[in-house]
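Novice: The lines below spell out each chain.
There are 2 protein chains.
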Amino acid sequence: MKKYTVINTPVHNIDGIAKITGRAKYTFDITLPRMLHGKILRSSYPHAEILNIDTSKAERLKGVKAVLTGKDTLGLKQGIWRRFKELCDEEILARDKVRYIGEPVATVAAIDEDTAEEALDLIEVEYKPLPGVFEPLEAIKEGAPQLHEQAERNINVTRHIEWGDVDDGFQKADYVREDWFRCSSQAHVCMETHCAVADYTPEGKLTVYTSTQSHYYIKVLLAEILGLRENDVRVISRYTGGGFGSKFELDSAQFCSSLLSMKLCQPVKIVLSREEEFTATKRRTPMFYYVRSGVKKDGTFLAKEARVFTEGGAYTAMGATALYLTGFFQSFPYVWPSYRYDGYRVYTNTAPTSAMRGFGAPQATFCAETQIDLIADELGIDPIEIRRKNAMYPGYEVPGQATIQSCGLDQCLDKIDGWIKSRGELPRHRGIGIAAYGFMSGGIFNWFDTPYAFSSAVIQINIDGKVDLFVGSQDMGQGSNTTMAMICAEELGVKFEDIRLHMGDTENCPVDLGAWGSRETLMQGNAVKMAASKAKQQILEFATAKLSPNIVYDLDIKDGWIHLIARPERGLSYYDVVKEAIRGKEGQPIIARGHYTPHRKGMISPAYSFGVQAVEADVDPETGKITLKNCVTAHDCGQVINPLGVKGQLEGAMAMAAGYGFTEDLPMDEGKILNPNLVDYMLLRATEMPETEVMEVETYEPEGPFGAKEAGEGLTNPTAGALSNAVFHATGISIKNLPITPEKVFNALKEKKKK
Amino acid sequence: MKKYTVINTPVHNIDGIAKITGRAKYTFDITLPRMLHGKILRSSYPHAEILNIDTSKAERLKGVKAVLTGKDTLGLKQGIWRRFKELCDEEILARDKVRYIGEPVATVAAIDEDTAEEALDLIEVEYKPLPGVFEPLEAIKEGAPQLHEQAERNINVTRHIEWGDVDDGFQKADYVREDWFRCSSQAHVCMETHCAVADYTPEGKLTVYTSTQSHYYIKVLLAEILGLRENDVRVISRYTGGGFGSKFELDSAQFCSSLLSMKLCQPVKIVLSREEEFTATKRRTPMFYYVRSGVKKDGTFLAKEARVFTEGGAYTAMGATALYLTGFFQSFPYVWPSYRYDGYRVYTNTAPTSAMRGFGAPQATFCAETQIDLIADELGIDPIEIRRKNAMYPGYEVPGQATIQSCGLDQCLDKIDGWIKSRGELPRHRGIGIAAYGFMSGGIFNWFDTPYAFSSAVIQINIDGKVDLFVGSQDMGQGSNTTMAMICAEELGVKFEDIRLHMGDTENCPVDLGAWGSRETLMQGNAVKMAASKAKQQILEFATAKLSPNIVYDLDIKDGWIHLIARPERGLSYYDVVKEAIRGKEGQPIIARGHYTPHRKGMISPAYSFGVQAVEADVDPETGKITLKNCVTAHDCGQVINPLGVKGQLEGAMAMAAGYGFTEDLPMDEGKILNPNLVDYMLLRATEMPETEVMEVETYEPEGPFGAKEAGEGLTNPTAGALSNAVFHATGISIKNLPITPEKVFNALKEKKKK
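If you read the protein sequences in the order shown, they are chains A and B. Our numbering puts the first residue of the first sequence at 113, with every later residue one more than the last. Our numbering puts the first residue of the second sequence at 113, with every later residue one more than the last.
Excised from the complex, chain A in its bound form (with noise of 0.2 Å):
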């Protein structure tokens, strides 16, 4: 017998026919009898006290129902960190201050979106303006205005990792290095922006249909800043047009909406507008990185220290995660016998930033690899070899941090190695350049403070063999959904299309913390895993009645074929014993239910992903221009699940890490963004992508279910530092600055020739 009979095999996302025949019901379509339209006024200024609103021009306005400000709120602070109050710095409807251009401020609804957006030239705010500060260097000099009371200096956080001696390794060191980078930041661009239909009732009852990465988080979030109980609160997401880090905490869309409907009883929608969405939303948190490295003269790593200094924007946001991740990652996935890591995020006048797909690593990352990329061109050495022979391995711990078990890097590094020396002699202005890279497989702290467990499924199995599971994961496009159900369906040893997968709706799903950290996979997959694996277990006991083996362990299922494991041939229908087990359950379906919550694993994530990308590049000598002609991938995510649903997420990964590392940005005036919308924010088009390739290099997780770990997210991570080594390669340039644009790259040209 096969070892796995869904497991591995390429299957297409079990919403997909729902989606591409335009019946899959994204919050963007939904209507409710008597639904109102609502929409927000934002702070046109980035620092200044509101002296006072006058929303009466605004009221008066026919078909108006109701303006809402700060003052109609129970005026809490709110933010995702329940464990740490003081982190939960954001009104979300300012009441006496403003620290950021697009800031709500007020709120209306009306029969119609029109209306509404008149009624919001209305509204009369006077302002007192403060003169604001911007960049994170600025913002942490002493008299540089302050934008929050309690944070001096505007640190918002710091972070400090360390472990050996760092003083003594660059002591040590016979060469060592520092640079300065700068990290630019970068919008989610989801194609459904943020939006909330709430309805509230007069029986006390808030049900929010909204697109979020995380229906628990939102659910429990607008209780308590709106004065609920939990429980009176059901959130509904059943298809998510994108997230990438944007939608796990609570929004205006959400907020504003839940407020308005409270305050009228009638449903409200708001759908943000593709400006709002790139103003005021949050973002990529842009960083300035101060790295010095210590190796010696084989390339052996010895210390490394870092320093960073992110723009923080207003509010805290999940800046404080991304600040420690960006400092774990700024080491990954190398030995460093000693590393020091200081990060400070710096409150600024400018829209919050926050979790964006990899989270902090890919600016880390970038850093990281265009230095080592450089000592090795000093070294002398190849940039594999200086890879490999730093890299991490398997059972290596990081100190204090982290216990690596399953790793693929070596293998990765192979099979980059032996592709670029397939290429042969590259054409001139043309370079290769790789990056290493990692990331987590969920995060293990537990800041949100839930009393639940991390994931959790639950799964019945029916008279007719078919196989409700109620996951609390949310797919935003992901695939997560198809590989829980390939999960199941393999566990339990049915077939895929005996799955019929739940989501999406806090009433009948189990708790999950959501769709971030790339958790789903490890952790909603085991809560399946386990589960499909009491169930097993219960329909086993009926087959063993049967087929008496020595032990129930002696049975499998697979394929819907229940067997004796040392005589395959020797067994029963799957259907015939549910039949039978669910008679002597007293009538009762066979259900069974799973959880997992990590421990014991460190202080990041309970697994780790690798890979090895390489990016091929042409540089035009005279424009700067940059094409990508390949991209290719050496990837270790544990098992594979779904290969078509990992080559989905590479391509994915790939458009939008390219898209940071040399075109996209989001440019300010005085913390006003100056390309808001679709034509000047250049996203990289269809025919700008390269080729590209992925490698599976399969290792067995042990944490993970069948052995499968983080695969998505981390692809985001090598691209921006594989661009900027080709084109390193092609040109002898290197830019430290991100986004790595033509007209960098031609300056730098210039420069060079000059020299």
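Simulated from the structure, these hints should not be mistaken for lab results. The C-beta atom is built at its ideal place from N, Cα and C for all residues, glycine as well. Take these hints with a grain of salt, some might be off.
Quick look at which bits of chain B chain A covers, simulated, 3 or more residues with Cβ under 8 Å [said to hold, decoys possible]: (1) 691–697; (2) 705–714.
Simulated pairs of lysine to aspartate or glutamate, EDC-like, Cα-Cα distance not exceeding 20 Å [unchecked claim]: (3) A:LYS137 to B:ASP617; (4) B:LYS691 to A:ASP792; (5) B:LYS317 to A:ASP277; (6) A:LYS691 to B:ASP561; (7) B:LYS865 to B:ASP732; (8) B:LYS578 to A:ASP226; (9) B:LYS658 to B:GLU619; (10) B:LYS607 to A:GLU315; (11) B:LYS578 to A:GLU254; (12) B:LYS114 to B:GLU810; (13) A:LYS408 to A:ASP277; (14) A:LYS578 to B:ASP344; (15) A:LYS856 to A:ASP792; (16) A:LYS169 to A:GLU236; (17) B:LYS713 to A:GLU315; (18) A:LYS691 to B:GLU619; (19) A:LYS317 to B:GLU609; (20) B:LYS607 to A:ASP730; (21) A:LYS697 to B:ASP561; (22) A:LYS177 to A:ASP233; (23) A:LYS131 to B:GLU315; (24) A:LYS137 to B:ASP732; (25) B:LYS137 to A:ASP233; (26) A:LYS174 to A:ASP208; (27) A:LYS137 to B:GLU619; (28) B:LYS578 to A:GLU315; (29) A:LYS691 to B:GLU342; (30) A:LYS183 to A:GLU171; (31) B:LYS137 to A:GLU619; (32) B:LYS578 to A:ASP561; (33) B:LYS137 to A:ASP141; (34) A:LYS317 to B:GLU698; (35) A:LYS607 to A:ASP671; (36) A:LYS607 to B:GLU342; (37) A:LYS209 to A:GLU261; (38) A:LYS865 to A:ASP730; (39) A:LYS646 to B:GLU698; (40) A:LYS866 to A:ASP732.
Let chain A serve as the given structure and place chain B on it in line with the hints.
Specialist: Just chain B, lined up with the frame of chain A:
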């Protein structure tokens, strides 16, 4: 401490606010994207062969999407009798033969209702008319037209019940009386007509929104007749606008909309018109009853013999059960030492007759109670006394049929006796008639052949102490949701407001057989109580660790307070313990499941309600017009759960039962119903309702949750008999032919004067 904190307090319906604010979404209100509208072409012949159906013209009409006939079905005969396939005799879409006016022969889906209606006129059906037969006493004759090949003399089902030595009983009787009765038909007249929105998708999944009393039955029946797997069908029925027995069989709206949707992969909505509702859905069974009773001169019952010929209409439907129950309830609620019953259900070319509130018992009770008053009158015995002498009592066993546990009939007779005496001397032409009755609390026999428990419930307790209660029962307006939430709150010891109830969706709710035969309070109630009790036990385990009683059973929860039963002031907050319990359970919410399947309680039901009703009425001797003055009911439904609910049920039942007694009927001409509209079909209006009063006689039913049993359906049984007795006592005439119209009274009075 009070015995109960929730039970027996008047509670408004849990979904009352949603209903009165118009937010409750009935199937009527469902609209889906791309939804089409369906209509059904129905036979205009009572009996005919279908030679040919030409749909080509209809198909060519602009806006028509599909026209389907019996040829487009799998050709299966369906019915609810899954354990007795020979009783499944209805195709829904007739292929070869039609057997009643209104039988579906084709169905159309179009872009709107008008187009669909127009298309019906373009379908050309070539019929070969056959002779019809419309009355059971005609249909049973040799040589009458035969409806079904296998049913000689049109006998569909027969039923025999017998105990004791009947012939010997009559031998010993001092007085023997025999009467013939005719019990008329009655329409359910739900405010929401039969309707369904079917939505089949290319993944092979069918979702049907429908107005039903049992989403589980409809799911399974649809799957069978459409050739799908059970769990590829999802039935959603969050609100049902009345059922009364008409909505637990598969209907033409459900079947045709599903068939069309499967053909088109588009949603299709079918809503029956009020006229279709009257002519082409099922109805109460007309019965021709022969009843012979032998008694001692002191009124002691000795022997009874009954024969009934029921008008079955064209198909079996639930008529076989009505045939059994009418026979059983003909002897009820009395001790008859010997009894013999023969029932014949006879096919006729009329719309099928089936279940309706009372399910055969109102007919039986009318005949039995009318005859008892005639006997009492002849023997000079008070109507209360003759009933008291022969009343069932706690612990009585109906030989081979039923075990009576609780029985408050005697107390009911006392209460009514007292009320009658309080009325003093009545004016001329006024009479008080009484009728004793009883009813079942759900059926025992598994003719549906479900492998599941008859009722199941799931409870989940969340971190904020709110309780999710998932039930399979269907609230069609009778208030079962409120009852279940009350049972759950009481058993768990929390507030009613802490319960969040989920129902009406096969995807999330456990299996329950549905709302019919007065099942829910006892069966679903027991399942809810078991689930709550198991959940409570889990909480008490944690409380035990803190409070250290001798054993966990020394603790209880009431109103959110976990306490030592012996010292109620010593305790802990339920809300606090829940939080700790969930932490202790690895972050799993507290979950428990309960179920109930009746066993070892005879053939009929696990428990029986009892009561006596008195109707006071004026009869105008000039016109025969009857005016209801008072209707007083002494009622034993065991422990009352919700007094407001019982009162609501009483008033509803009274309106329906009085209508059956003296205004409602479905007269026909050659199988054609003559009054299929709300002008000619005479429902009792609010202004015609008498004063009603209910006097509760509380007993404790050991088989019911908190001692509760049936309340509501049984209340439909006594009124026709009590009314006929009131007319008898006011005028001296006895009308044995329902309904007791002014015309019949007038004619009988004229006849009497002549004598």
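Novice: Kindly indicate which numbered hints from before are broken by the structure, ordering the numbers from low to high.
Specialist: As far as the earlier hints go, 4, 5, 8, 9, 11, 17, 20, 24, 25, 26 and 34 are violated by this structure, in ascending order.
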